[in-house]
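J.: These are the residues of each chain, in order.
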Amino acid sequence: MAEPLTQRPTPIRPRARTRDRLGAVLRRLAGAVFVLWAVATLTFFAVRLIPGDPAQAILGGPGSQTSPEALAAVRAEYGLDQPIWVQYLQQLGRLATGDLGRSYGLNQDVGPLVLAQLGGTLVLAVTSLAVAWVLALTLATWSTGRGRLARRIGSGLEIVAAALPHFWLATVLIVLFSVWLGVLPPISTSDARGLVLPVLTLAVPLAGFLGQVMRESLLTALESPFVLSARARGESERGVFWRHALRHAALPAISLSGWAFGSLISGAVVVETIFARPGLGRTLLTAVTVRDVPVVVGVVMVVAVAYILMTIATDVASRIADPRPRTEAGR
Amino acid sequence: MSELEIQAAVPRRTNVAGRRRPSLAEVLAALLALFLLTAAIAPRLLAPGDPLAIDPLSAFQAPSVAHWFGTDESGRDIYTRVIDGARDSLVIGVTATLIGLGLGVVLGTIAGTLGAAVDFTVNRFLEVLFAFPGLLLALLFILVFGPGPATAIVAVGLSTAPGYARIIRAQLIRVRSSAFVEAATVQGLSGRRILTRHVLPNTLSPLLVLGTLGIGQAIVWAAALSYLGLGAQPPAAEWGAMLSAGRTYITSAWWMSFYPGLFIVLTAVCATYIGRAIERRMRHA
Amino acid sequence: MPRPGIVRSTPRPLTLALAAGVTALGLALTGCTTASPDAGDDTPKSGGTLTYASGDAEPTCLDPHVGGNFPQALVSSQYLESLVSLDDEGTVIPWLADSWTVSDDGLAWEFTLRDGVTFTDGTPLDAAAVQANVAHLQDPETGSSTGYLALAKVAGTEAVSDSVVRFTLSEPDSALLESLSQPWLAIQSATALERTQDENCAAPVGTGPFKVDSWVKQNAITMVRNDDYTSPPGDAGHAGPAYLDEIVWRFIPDSASRYAALQAGEVDMIDNVQPDTIAQAESSDTIVHLDAPRPGASNRIELNSGKAPFDDIAVREAFIRSANIVDGVESLFQGTADRSTSALSSVEPLGVSEPDLFDYDPDAADALLDGAGWTQRDSDGYRVKDGVRLSVVFPVSTNQSIPAEQSLYEQIQATAKETGFEVKLAKLDLSSWYAELGANAYDAVSAPYTKVGPDVLRILFHSDGITPAPSGYFANHAQVNDPEIDALLTEAGQISDPERRAALYADAQERVLDGFYILPLMDQQNHFLYATSLEGARVLPAVSTPTFYDAWLNR
Amino acid sequence: MIDTRSAGPGPIRAAPALRLRNLSVRFGAAGTSPVVHGVSLEVAAGECLAIVGESGSGKSVTARSLLGLAGAGAVVTADELTLAGDSVLGLSESAWRRRRGRDVGLVLQDALASLDPLRPVAREIGDSLRLHSDLDGTARARRVLETLESVGLPQPELYAGRRSGELSGGQRQRALIAAALALDPPLLVADEPTTALDVTVQAQVLDLLEEVRGRGTAILLISHDLAVVSRIADRIAVMHDGRIVETGTTDEVLRNPRHAETRRMLAAVPVDKPRGSRLAPGARSVGGSASAAVEASFITVADRTPAPDASALADPASAARAATVVLEAIGLHKDFTVPHGANHRAVDDVSFRLHRGRTLGIVGESGSGKTTTARLALALTVPDAGEVRLLGEAWTTLPESERRARRALIGAVYQDVLSSFDPRLSVRDILGHAVAGPDGGRDAGQGRRGRRVATAQRASRVNQLLDEVGLAGSLLDRRPVDLSGGQRQRVGIARALASRPSILICDEPVSALDVSVQAQVLDLLDELQRELSLSLLFISHDLGVVQHVSDEVAVMHEGRIVETGTAASVFTAPTHPYTRALLAAVPRLG
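Protein chains in written order, with numbering that gives the first Met the number 0: chain A, 0 to 330; chain B, 0 to 284; chain C, 0 to 554; chain D, 0 to 589.
Just so you know, nobody snuck in bad clues.
Simulated restraints on C-beta separations: (1) A:Val315 to D:Gly136: 23 to 31 Å; (2) B:Leu207 to D:Arg254: 55 to 63 Å; (3) C:Gly155 to A:Phe33: 56 to 64 Å; (4) D:Asp78 to A:Arg145: 30 to 38 Å; (5) C:Val215 to A:Thr140: 36 to 44 Å; (6) A:Arg192 to D:Gly136: 41 to 49 Å; (7) C:Ser213 to A:Trp84: 39 to 47 Å; (8) C:Ser213 to A:Arg192: 20 to 28 Å; (9) A:Val315 to D:Thr565: 55 to 63 Å; (10) C:Ser213 to A:Leu88: 34 to 42 Å; (11) C:Arg376 to A:Pro82: 49 to 57 Å; (12) B:Gly190 to D:Ala572: 41 to 49 Å.
Please keep in mind that the hints were generated in silico from the structure rather than gathered at the bench. All values derive from a computational prediction rather than experimental measurement. A virtual CB, placed ideally from N, CA and C, is assigned to each residue, including glycine.
Can you build the whole structure from these sequences, using the hints too?
T.: This is the structure in structure tokens:
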């Protein structure tokens with residue numbers, strides 16, 4: 000047949016490849032720095048739009064009783080009396096050195112505070128991501144190659160799972176496993192038991208999304224010629240699934256994991272509140288409610304960094320799972 | 000050729016799906032959609048009572064013949080409220096999705112049409128927005144503009160916009176580099192005419208599907224904001240707000256949060272099935 | 000009047016058969032983590048960790064001098080102690096101060112401190128320590144709100160001797176002792192106060208039965224027993240160190256999770272309990288209910304008399320008459336709260352109730368509104384005068400009003416609508432809520448105010464309270480501006496004769512109630528649930544905060 | 000190499016590698032018509048049997064039934080099915096699995112997709128060993144290398160770790176064959192094993208299969224291409240509509256076809272058929288698949304009068320000298336930047352002239368730059384150096400806005416015609432837009448009346464176009480996706496003709512079509528050229544097609560034109576070694 004309109008890449012010399020890789024890393028790094036800068040700038044100016052006086056917020060919010068002198072002192076201390084662009088540059092300068100500023104309300108520096116909360120959320124998000132993968136894969140394994148009814152049920156389960164609101168699911172799980180069955184704690188505990196319900200709450204809807212994506216590509220993979228080839232070599236259905244189809248099915252789901260991580264962070268806001276888990280989500284929600292601007296900015300910055308790292312990890316993972324060279328047109 | 004032959008001979012999923020009768024799930028989804036729309040347009044037709052009428056003395060009644068879904072803490076009939084809430088919830092879902100899609104279309108279109116520099120800029124901008132996970136963006140927005148139903152709608156719309164923008168941009172680029180656009184160039188059509196006659200219609204046709212799929216998620220997200228106390232105001236029978244109110248009584252009156260939650264889930268599921276059905280029909284019509 | 004104290008729950012008729020069934024099933028399946036109260040013997044046993052779950056917001060500072068809110072009071076009652084305390088009758092009793100005297104003009108108070116008390120950092124309790132605390136509270140840098148106000152009349156302190164400290168007042172303060180009994184004025188180690196505020200906020204040092212060990216933000220505060228404890232209040236059950244090894248103080252904002260955690264045996268005690276769970280717990284034999292209404296003001300809706308439509312007393316009365324409170328309280332609080340008709344909490348001995356003024360009477364309300372010129376009704380059924388709808392803007396703080404209260408407001412909204420009021424409820428977070436109040440953009444509001452003693456009336460109803468602080472905060476939300484009330488409250492705040500004081504406060508309360516400035520609802524609810532395995536827990540009567548000095552775990 | 004076996008079936012050993020009697024395959028419930036009907040076959044060891052048929056003839060389903068892989072929902076029945084002497088009728092799935100790969104191997108077309116693109120080929124080849132032998136890892140690795148070597152990949156270590164995407168077309172097809180041969184099964188089923196390959200690579204793969212057969216392996220070769228199979232098959236079975244309509248030795252079938260279908264297929268092969276001769280019976284006949292019963296769209300135009308200047312073409316040589324140059328490429332260069340920054344020269348100093356009323360064929364293998372050349376001629380990309388001149392005037396050097404008005408002069412016909420149609424549009428819309436021209440016919444008339452006249456004119460022109468390409472008006476409201484491949488290509492040609500161009504650039508217009516449909520489309524193009532005195536730039540990888548349609552031919556290789564001349568001279572007396580290699584590789588009948 001004729002050549003395709005897009006040119007296939009010709010083999011390249013190894014040295015060029017190394018140089019390209021270095022360039023790619025640098026580009027990536029520049030992109031990450033840009034995103035962080037933009038996130039910081041956007042948040043800084045968005046926060047300026049928030050009604051209310053930051054100095055007042057520092058002194059305990061509108062409910063407190065503060066003197067004009069105290070307000071002036073606080074303004075000077077936090078540099079709030081400076082022109083806005085000076086404040087902006089100061090903020091950027093601080094951020095560049097990793098200083099996230101000081102919380103208005105928590106009598107603490109934001110950096111250590113947010114870092115202390117990061118762990119809990121990361122554990123929650125990463126575990127949920129892993130569990131979501133396992134759930135999605137299990138359902139996919141069970142329902143493919145088992146007839147149309149199983150496939151419909153599997154796909155229906157995924158759609159329902161994807162539609163479950165976190166807060167509702169959390170409630171149902173608590174009533175079911177903590178109140179009725181009494182087997183799992185409804186709040187975070189020092190051991191892993193306390194992680195089960197929050198993780199399920201986050202993982203089940205995500206598994207629904209991942210499963211839908213995986214199913215599409217799984218069915219495509221199962222109908223592709225290389226699977227026929229494998230069957231013709233005597234490969235079993237299980238072998239076809241694990242050795243061939245799964246990896247293809249996983250590819251889009253892997254690329255989706257960056258987005259999934261973001262949605263898990265969103266979900267963490269709700270889940271951490273319900274299950275009384277320490278974490279960024281709860282910190283953020285509290286900070287939003289009391290207008291603790293530095294904490295909000297701090298959480299946003301940390302989440303942005305985590306998101307960027309996660310995106311990079313996702314890219315690396317897809318490159319490992321699919322070592323084929325990328326063409327511009329894609330495949 | 001052999002490959003084509005197999006396609007013709009073996010009933011393949013995709014080929015058959017387009018022509019086959021709607022599945023049971025799709026029929027159910029269509030019926031449910033009809034029900035929800037009726038509820039939204041003429042709630043009194045399905046539930047003649049007053050959703051706001053309180054009756055403190057018959058509070059917390061479990062589901063019964065008189066109160067299909069039970070009553071809430073103020074003795075209001077939950078079935079009536081759920082039906083009445085369909086309008087608010089659907090309006091929230093649809094409006095938020097329209098805002099998200101609208102922004103997405105604008106961003107995606109200018110990225111995809113106004114040249115590499117604009118594309119680069121918009122892309123970076125989208126990347127930045129993506130670094131704010133959905134609810135974070137919504138929370139930040141609410142922080143700036145204050146809580147309330149309108150803010151919640153815009154916040155949800157805003158937080159879904161980057162996703163839509165990316166899809167639309169990709170679709171635009173895909174369509175623009177497609178063979179039929181090239182064929183139109185060969186026919187001598189001007190760039191603008193190609194854009195309006197071929198590129199935009201083909202780019203925007205998946206919007207219906209995207210929107211339908213998005214409505215469900217928008218309702219879920221708006222409900223999450225209501226749950227966090229940042230959405231609809233009392234005594235509105237918005238599902239998220241009802242669910243949030245009912246959660247307090249979850250151990251003693253499960254029906255208060257179960258039914259609103261069920262309707263959120265059903266609506267989202269229904270939207271997904273319908274969206275997929277539309278998608279399949281568009282692909283194979 | 001009911002006193003705060005332990006109320007053993009007795010089985011009640013099941014209003015919610017299913018709910019009870021669920022609970023019973025749940026308890027059966029939890030495998031009864033808690034022993035039945037009759038199983039163990041009644042001799043207190045030392046040891047064990049108590050886990051307390053608070054539904055309040057996590058304090059930003061564990062030193063209640065800083066700011067000064069109820070969550071701080073709850074937790075600081077475990078490690079800080081005040082100069083005086085109250086007994087169940089509301090009588091002032093000695094604590095860190097053994098005795099006290101007041102000069103005839105009421106301007107000089109001398110407190111003699113208890114002997115042999117040391118702070119947990121080893122610093123002795125002496126007059127200088129008390130001086131340092133007053134200075135700390137009055138220092139603007141500290142940012143004290145509640146304590147600062149309470150000491151408004153204290154002009155200075157001096158150490159008469161090591162163990163005697165004198166307070167000099169600018170004018171007589173009949174509420175000084177009650178003020179000093181509050182946890183927000185608790186005495187901390189002077190050495191510790193010299194640390195930076197960050198350090199002091201993280202681990203304040205007091206004389207209490209426990210001391211702060213660690214604080215993992217958003218997770219838990221861990222407090223360990225103070226083995227050298229020597230200063231229990233006069234009404235304590237035993238002497239010497241506390242029984243418990245450790246208290247883990249957790250924050251579980253979600254009420255359903257909190258109750259589920261108690262049921263699952265993950266925590267031993269919870270606060271901010273929802274009425275429906277109380278009703279459930281009443282029928283449980285593994286959970287005990289503790290009802291301890293907060294002192295100070297009652298839970299009431301304040302009507303903004305400073306602007307239309309509530310600048311007209313007839314409209315205020317009509318609104319009050321149009322609201323069906325009794326049925327609402329009955330259904331929402333399921334017998335856990337009684338309707339109040341007083342400006343003060345039922346635990347305040349000087350409270351005055353006027354049940355007749357607050358009856359639900361829609362006919363009277365209609366007549367009043369007709370008389371006030373609100374004769375037209377628009378298409379939505381709301382009354383209209385001069386083209387203006389009879390609207391009542393009612394911002395609700397989701398942080399300060401529990402869901403049952405919010406539901407009650409919705410019911411008020413519904414019943415008032417029949418009379419022709421349009422009540423516009425707006426659920427707001429705390430900052431937005433304060434902003435609405437500061438902007439005078441409200442017609443009705445419900446704001447809790449906790450302060451020991453009737454002096455709270457001065458804060459809430461004296462016209463000085465209308466003038467906002469620089470932050471925009473003011474306490475007189477009803478905007479009562481009545482010179483006679485001002486005069487009565489000022490005099491009552493200075494007078495030392497108890498009877499005269501009571502009469503003045505009663506007079507003031509009657510004027511407030513007769514003016515229909517407020518719609519009293521019920522006491523400020525303060526319910527706790529705990530496992531039956533927890534013995535000896537009680538609340539300190541001052542502001543109804545729990546104390547675990549006498550508590551032990553029977554398991 | 001083994002002795003030639005073209006003279007009929009060789010000596011049959013004790014048990015044939017495959018014996019099949021009365022195979023029927025049906026999809027779906029009882030009562031649905033079977034797609035394979037009463038097929039009986041026998042292949043001896045060391046023998047190659049080819050099943051030839053067009054799309055939908057049932058040949059692939061037959062082949063897959065032999066491995067128990069007819070597909071989901073297939074109901075397979077047969078009186079006898081033995082592999083290497085053992086009956087495999089009614090085997091359980093697990094029993095089938097034990098036989099697949101060991102008793103029978105399968106080779107599919109398009110090795111890029113038939114080898115898992117994510118796994119190294121060594122793993123793919125090793126799979127059969129892992130599944131069917133007790134060999135340990137090292138032994139398996141050694142055997143994999145041996146197998147790779149045996150399929151003509153010397154230094155197998157170089158290839159073992161690569162994935163199919165990292166191999167050239169020929170290498171990966173060899174690897175795919177190696178995967179099927181790892182256990183040396185007595186029977187190899189090869190389903191279109193050379194279809195996606197360039198002609199030289201195809202020849203190599205056929206040589207390899209011949210060698211495999213020589214080792215005693217029985218080969219069942221499935222193909223749509225009689226010319227390909229004639230090269231190695233001992234016997235040929237022609238399938239049509241699920242039945243075997245003719246079987247015989249290769250010679251018998253090619254020289255003395257008995258069935259009409261066989262004759263039709265043979266006639267449709269363009270190789271060595273003189274320019275202008277018909278490949279398909281009838282004129283602009285059916286634009287559907289072989290099975291289609293699209294009689295409704297059948298319009299006979301055979302007796303149409305030839306175009307006035309058709310006689311001028313009677314003597315091609317003199318006409319070439321006299322004719323005007325309509326399209327001229329002068330020293331075209333085009334580079335592409337591939338990912339990672341390297342430059343790839345797609346077109347390198349290409350010059351050619353297309354004369355009025357003539358066909359210039361450009362032939363080359365994939366990657367030779369012929370499609371880029373077509374895009375340059377269409378001014379879809381701008382050359383880095385050189386230019387294309389249209390009717391003696393500037394073309395590629397013009398800005399697009401000035402070029403637009405002259406685009407009506409050039410029409411284009413594409414290989415993947417379906418994707419060249421806006422998927423939302425019906426045939427009526429597609430042709431209507433094309434007829435209206437780039438301005439949408441806006442200035443065709445003023446006012447409503449004028450528009451109505453314009454609309455009516457347009458409709459009649461659309462009908463005329465349909466008529467010209469031999470399509471029925473009933474197809475107007477269908478969308479291209481609902482048409483058969485041949486019908487689609489006819490719509491594509493109609494669209495290209497809408498602006499009454501004088502030049503038609505055809506980029507692989509028949510590559511995606513069955514032989515018989517290809518024949519019809521080629522006939523159609525030929526007729527249209529005569530009637531409308533079109534000049535054709537005809538680009539194809541298929542030498543047979545190019546030879547059949549072209550007056551002049553340019554052979555492209557690695558971006559350059561290596562040889563050019565009249566079709567007759569290039570095909571009969573090639574001067575460049577590459578051309579000679581290409582010609583040698585072309586499969587011919589017999």
